[in-house]
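So the protein sequences, as listed, match chains A and B.
Using numbering that gives the first Met the number 0, the first residue of the first sequence is number 0, and each one after it goes up by one.
Using numbering that gives the first Met the number 0, the first residue of the second sequence is number 0, and each one after it goes up by one.
Hints were generated in silico from the structure; no laboratory data involved.
Treat the hints with care, as some may be off.
[Stated by the list, open to error] When the alpha-carbon atoms are kept at most 25 Å apart in a straight line, the in silico DSS-like pairs for lysine-lysine are as follows:
{"#": "1", "chain 1": "B", "residue 1": "K191", "chain 2": "B", "residue 2": "K300"}
{"#": "2", "chain 1": "B", "residue 1": "K353", "chain 2": "B", "residue 2": "K411"}
{"#": "3", "chain 1": "B", "residue 1": "K300", "chain 2": "B", "residue 2": "K313"}
{"#": "4", "chain 1": "A", "residue 1": "K72", "chain 2": "B", "residue 2": "K191"}
{"#": "5", "chain 1": "A", "residue 1": "K72", "chain 2": "B", "residue 2": "K300"}
{"#": "6", "chain 1": "B", "residue 1": "K187", "chain 2": "A", "residue 2": "K72"}
{"#": "7", "chain 1": "B", "residue 1": "K313", "chain 2": "A", "residue 2": "K72"}
{"#": "8", "chain 1": "B", "residue 1": "K353", "chain 2": "B", "residue 2": "K334"}
{"#": "9", "chain 1": "B", "residue 1": "K535", "chain 2": "B", "residue 2": "K411"}
{"#": "10", "chain 1": "A", "residue 1": "K76", "chain 2": "B", "residue 2": "K313"}
{"#": "11", "chain 1": "B", "residue 1": "K208", "chain 2": "B", "residue 2": "K300"}
{"#": "12", "chain 1": "B", "residue 1": "K208", "chain 2": "B", "residue 2": "K353"}
{"#": "13", "chain 1": "B", "residue 1": "K345", "chain 2": "B", "residue 2": "K198"}
{"#": "14", "chain 1": "B", "residue 1": "K187", "chain 2": "A", "residue 2": "K76"}
{"#": "15", "chain 1": "B", "residue 1": "K191", "chain 2": "A", "residue 2": "K76"}
[Said to hold, decoys possible] For each label pair, taking beta carbons as the anchor points, the in silico distance ranges come out as:
{"#": "16", "chain 1": "B", "residue 1": "F492", "chain 2": "A", "residue 2": "S30", "range": "34 to 40 Å"}
{"#": "17", "chain 1": "A", "residue 1": "Q157", "chain 2": "B", "residue 2": "E495", "range": "55 to 61 Å"}
{"#": "18", "chain 1": "B", "residue 1": "E495", "chain 2": "A", "residue 2": "D61", "range": "43 to 49 Å"}
{"#": "19", "chain 1": "A", "residue 1": "S30", "chain 2": "B", "residue 2": "D348", "range": "51 to 57 Å"}
{"#": "20", "chain 1": "A", "residue 1": "P66", "chain 2": "B", "residue 2": "E414", "range": "36 to 42 Å"}
{"#": "21", "chain 1": "B", "residue 1": "V467", "chain 2": "A", "residue 2": "D61", "range": "54 to 60 Å"}
This one's a predicted model, so the numbers in the text were calculated from it and none came from an experiment.
Just so it is clear, CB atoms sit at the ideal spot from N, CA and C, and this is done for glycine as well.
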Amino acid sequence: MSSTTHALNQPTHHILSVLVQNRPGVLARVSSLFARRGYNIFSLAVAPTEDPMLSRITIVVDVESSPLEQIVKQLFKLVDVVKISELDPRRSVERELLMATVRVPAEDRGQVVELTNIFEGKILAVGVEAITVSLDGSPDKLDDFEELLRGYGIVELQRTGRVALPKLDKEARLKAVKHGKAS
Amino acid sequence: MTQKITGAQALIRALELENVDTIFGLPGGCILPAYDPLLDSPIRHILVRHEQGAGHMAEGYAHVTGRPGVAMVTSGPAATNMVTPLCDAYMDSIPMVCITGQVPTSAIGTDAFQECDTVGITRSVTKHNELIMSADDVPLMVRQAFHIATTGRPGPVLLDVPKDVLQNSMNWHWPSDEEVLDSLPGYKPVTKGHPRMIKEAARMILDAKQPILYAGGGILKARAADALRELAELIDTPVVTTLMARGAFPDDHPLCLGMPGMHGNATAITAMQKSDLLITLGARFDDRITGKVATFAPDAKIIHVDIDPAEQGKVRRPDVPIVGDCRLVIEEIIKAIKDLLNGGEKQQDISQWKSRVSGWREQFPLYYPANEPGEALKPQYCLEQLRDGAPEGTILCSGVGQHQMWSSQYWKFNEPYTWVNSGGLGTMGFSVPAAIGAKVGRPDRTVWAVDGDGCFQMTAQELVTASVERIPIKVAILNNSYLGMVRQWQEMFYEERYSEVYLSPELPDFVKWAESMGCIGIRVESPEEVQPAIEKANSIDDRSVVVEFRVDAGEKVFPMVPAGFSNDDVLLHPDQNGRREFLR
Chain A
0 MSSTTHALNQ
10 PTHHILSVLV
20 QNRPGVLARV
30 SSLFARRGYN
40 IFSLAVAPTE
50 DPMLSRITIV
60 VDVESSPLEQ
70 IVKQLFKLVD
80 VVKISELDPR
90 RSVERELLMA
100 TVRVPAEDRG
110 QVVELTNIFE
120 GKILAVGVEA
130 ITVSLDGSPD
140 KLDDFEELLR
150 GYGIVELQRT
160 GRVALPKLDK
170 EARLKAVKHG
180 KAS
Chain B
0 MTQKITGAQA
10 LIRALELENV
20 DTIFGLPGGC
30 ILPAYDPLLD
40 SPIRHILVRH
50 EQGAGHMAEG
60 YAHVTGRPGV
70 AMVTSGPAAT
80 NMVTPLCDAY
90 MDSIPMVCIT
100 GQVPTSAIGT
110 DAFQECDTVG
120 ITRSVTKHNE
130 LIMSADDVPL
140 MVRQAFHIAT
150 TGRPGPVLLD
160 VPKDVLQNSM
170 NWHWPSDEEV
180 LDSLPGYKPV
190 TKGHPRMIKE
200 AARMILDAKQ
210 PILYAGGGIL
220 KARAADALRE
230 LAELIDTPVV
240 TTLMARGAFP
250 DDHPLCLGMP
260 GMHGNATAIT
270 AMQKSDLLIT
280 LGARFDDRIT
290 GKVATFAPDA
300 KIIHVDIDPA
310 EQGKVRRPDV
320 PIVGDCRLVI
330 EEIIKAIKDL
340 LNGGEKQQDI
350 SQWKSRVSGW
360 REQFPLYYPA
370 NEPGEALKPQ
380 YCLEQLRDGA
390 PEGTILCSGV
400 GQHQMWSSQY
410 WKFNEPYTWV
420 NSGGLGTMGF
430 SVPAAIGAKV
440 GRPDRTVWAV
450 DGDGCFQMTA
460 QELVTASVER
470 IPIKVAILNN
480 SYLGMVRQWQ
490 EMFYEERYSE
500 VYLSPELPDF
510 VKWAESMGCI
520 GIRVESPEEV
530 QPAIEKANSI
540 DDRSVVVEFR
550 VDAGEKVFPM
560 VPAGFSNDDV
570 LLHPDQNGRR
580 EFLR
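Looking at chain A on its own, in the form it has when it is part of the complex:
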């Protein structure tokens, strides 16, 4: 997981939004295809969509492991893959969830609470020596928050990986490469 921030108009990653049939083994099919063809998955999130027959897998791939074209075409060949959209990071909204437990003595707790409030995060649990907080938002924002929390001593950290949808402006470019009946 990289925590580098980047300029908005210089994407460092590709986002593939893959609509699949909601069937056993489909995630294994997708992830093993990436492994088999030598591509690294940066992050991956999967969940059902509004249609219970379909799930959406959001896969983030490093720009360096290009060309993306070949892996997209190979993905198309999976029978369970219904549709693939490549989302331009500049023209899509991305969200991620972070949860962290920070070791902090009671007297310093206020600082972590304040930081969390500034980022509009949530306090999930409070213990004697530690506090668990959560934050959802753009991956950049989460990177910043994570970096600041490090100063206090992160005991455990979990991020979900990005999920993304195209922006709703006129220029939203949904590069739909494969349309199934379901779309």
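Fit chain B to the supplied structure of chain A, relying on the hints for placement.
Below, chain B without anything else, positioned relative to chain A:
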């Protein structure tokens, strides 16, 4: 009207409805329920001696008939034995449906006896696979499997069926075409080429000065041999046929240049290399064809017709990519060319190019030094004699190695679907079971399997299957007592340091072995014996025949483009090297 039957009965009925006439298989614990209704079915079952044999037989059957081959085996070790044929079929785009037994659904995941994660293991070597979890799903899954295996880019599909799914009762329902298509929203192969791309291709073909038709196995899969011939004759352009496309264009046609690639002939290799337009039809720029990719056909524009979009741009970026079925696209291209010609356009004069190509053909025929009296028998001579003695329409199967390359080089394939080999995966041991499958598919034809002594020892036991099931094939073993191709590489690239390639000159006794399996065994040690032995083999049609040719172990396959070399640096037979400058 529904009718309660078991999952096993549904499976066999579904196979019958898919017009399956033959299953190659071997029963075991978990698949047992499916073997019971098979007794009452008109489907012929061929009981193999090893599951790998069943898989290759299904491939051989599919190769020569165009219909999907079907293999059925049990769970665990039977499924793992099927991995090689599945991968082989996947690499060579062979339509095949494989049914494996699985432990009961309640036992899945418990490391039960003969349990393995068949679907997981075979995921990357199948076009698609499914674990059937309910007897009610059996008919739809079978229909899907056959649909997927035979449409688009063909390939193997595996159905893993737990024992209780076979035993449970279900309501029989045979899904309609529409139900099958609706159940596969993500599977829609494109067959019709893009009209604008087809026009562009037609124009490019007329404008080319040095065109070559680069025909691959896709021609055969698409039943496009006639269309290819029409196109070639229309534009009077030479054709190369890859290892997978031998027979897709007749070798005796004046435009046929034969096989290009690592062991292709110098003309086919050089013609591709010097061309200004490669009209690529159902071929995939395999590394065995291109040699070093960076220097492959540097001045050629590329038209790439392929039903699999992932092949376009995978190795070489096409100037005109056309996704579609080869036959349909070629027919459209022919039409587009005729339209242009009727509109007054003219094709470039390619006579100079063609005379250059003819020059290469004259200078660089396939060559091997003739047998001298008392010298060891040349394997190429054996192949020439086999070819000349073969009855009309003979199907040739081969294993993998030197004998495979000589087969492809020296045979004359004048008819499609008469050549069966393992191209992509390079599976030693392919030929005997594939030949049996081919003979089952085309009982009217003579089937010769050309094998090496190394290959033969991997799958020879299937000759027992052939004898018991009365499937008479003929096997020619080119016995050089070596893993010949590996030996050739060690001689040429490892300073003649021969490491673990010497088999044995005396063991096994192939004649006795053949006889023990119910075959006629013949040993040939000198050139004079070759022809009579072949005549004898061809005259026997009530049982299988194995002819062992004791051949020269030092003979190497030429020409050769060593791995990683440019096609420009093809190694000719040393006796031809003096004429090298003519290849310019």
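Hint check results:
no. : hint                           : verdict
1   : B:K191 with B:K300             : 22 Å, holds
2   : B:K353 with B:K411             : 22 Å, holds
3   : B:K300 with B:K313             : 16 Å, holds
4   : A:K72 with B:K191              : 18 Å, holds
5   : A:K72 with B:K300              : 23 Å, holds
6   : B:K187 with A:K72              : 13 Å, holds
7   : B:K313 with A:K72              : 10 Å, holds
8   : B:K353 with B:K334             : 24 Å, holds
9   : B:K535 with B:K411             : 21 Å, holds
10  : A:K76 with B:K313              : 14 Å, holds
11  : B:K208 with B:K300             : 11 Å, holds
12  : B:K208 with B:K353             : 10 Å, holds
13  : B:K345 with B:K198             : 15 Å, holds
14  : B:K187 with A:K76              : 9 Å, holds
15  : B:K191 with A:K76              : 17 Å, holds
16  : B:F492 with A:S30: 34 to 40 Å  : 38 Å, holds
17  : A:Q157 with B:E495: 55 to 61 Å : 60 Å, holds
18  : B:E495 with A:D61: 43 to 49 Å  : 46 Å, holds
19  : A:S30 with B:D348: 51 to 57 Å  : 55 Å, holds
20  : A:P66 with B:E414: 36 to 42 Å  : 40 Å, holds
21  : B:V467 with A:D61: 54 to 60 Å  : 57 Å, holds
The structure agrees with every numbered hint stated previously.
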